[in-house]
Amino acid sequence: MLRTFQRAAAGLAIVWLLASSTVANPIIPGKPQKQPIALVGGTVHPVDGPAIAGGIVLFDKGKIVAVGKDVQIPANAERVDVSGKHVYPGLIDPNTSIGLTEVGASAATIDTSEVGDANPSAKAIVAVNAESAVIPVTRANGVLTALTAPSGGTIAGLSAVINMDGWTWGGHGS
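For what it's worth, the numbering used here labels the leading residue of the sequence shown as 1, then goes sequentially.
Where hints are given, some of them may not hold.
Unchecked claim - Label-pair ranges, simulated between beta-carbon atoms:
id, residue 1, residue 2, range
1, Ala130, Ser83, 33 to 41 Å
2, Val161, Asn141, 29 to 37 Å
3, Val137, Gly84, 22 to 30 Å
4, Thr43, Ser121, 20 to 28 Å
5, Ala133, Ala53, 31 to 39 Å
Said to hold, decoys possible - Calculated pairs, BS3-like style, for lysine-lysine (alpha carbon to alpha carbon, straight line, at most 25 Å):
id, residue 1, residue 2
6, Lys34, Lys69
7, Lys31, Lys61
8, Lys31, Lys85
9, Lys123, Lys85
10, Lys61, Lys85
11, Lys63, Lys34
12, Lys69, Lys85
13, Lys31, Lys63
14, Lys85, Lys63
Calculated directly from the structure, the hints in this document are not laboratory data. This one's a predicted model, so the numbers in the text were calculated from it and none came from an experiment. The beta-carbon is built from N, C-alpha and C at its ideal position, and this holds for glycine as well.
Kindly produce the complete structure, drawing on both the sequences and the hints.
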């Protein structure tokens, strides 16, 4: 009797662990920046010039405000030592179905196209699954912005530019 109970409890524990690992995307959007942040000492690869060894990237209020070797870092800035690392700009994926398709084998998760040949009022942004498992993987690989587009037909509908940091099409917490 005790052995049967132990086996049942172990089975339930395994089921609970598997079920708890399949919940929605655990990535939480970044909080608004409270102070300047300086990435210091890494090799910075700017969009418009050669790599800067021992460079500095300074962020303030969520935007890059300075890039270079001799950047003046404010006294209240948080310094992050990135020595030995490379700092690249975020990538933009200009034509994707991110958020419109989750599992290709399951028709219920595919929102890439509508029925018919002309769908000018179909909006990709309404169909985007903000909890898609693809979004954090894409973001971890350097894509920070994407144009997700419907497909099919002569007029497929309206594309949407999405930020990989957020949960809703209205912005943070909207």
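Hint check results:
1. Ala130 - Ser83: 33 to 41 Å: The hint (33 to 41 Å, Cβ to Cβ) holds, given that Ala130 and Ser83 are roughly 35 Å apart.
2. Val161 - Asn141: 29 to 37 Å: The hint (29 to 37 Å, Cβ to Cβ) is violated, given that Val161 and Asn141 are roughly 18 Å apart.
3. Val137 - Gly84: 22 to 30 Å: 25 Å, holds
4. Thr43 - Ser121: 20 to 28 Å: 47 Å, violated
5. Ala133 - Ala53: 31 to 39 Å: 37 Å, holds
6. Lys34 - Lys69: 24 Å, holds
7. Lys31 - Lys61: Cα-Cα ~11 Å, so holds.
8. Lys31 - Lys85: Cα-Cα ~24 Å, so holds.
9. Lys123 - Lys85: 40 Å, violated
10. Lys61 - Lys85: 24 Å, holds
11. Lys63 - Lys34: 12 Å, holds
12. Lys69 - Lys85: 15 Å, holds
13. Lys31 - Lys63: 13 Å, holds
14. Lys85 - Lys63: With a Cα-Cα distance of about 21 Å, the restraint between Lys85 and Lys63 holds, given a limit of 25 Å.
When held up to the earlier numbered hints, the structure conflicts with 2, 4 and 9 and fits the remainder.
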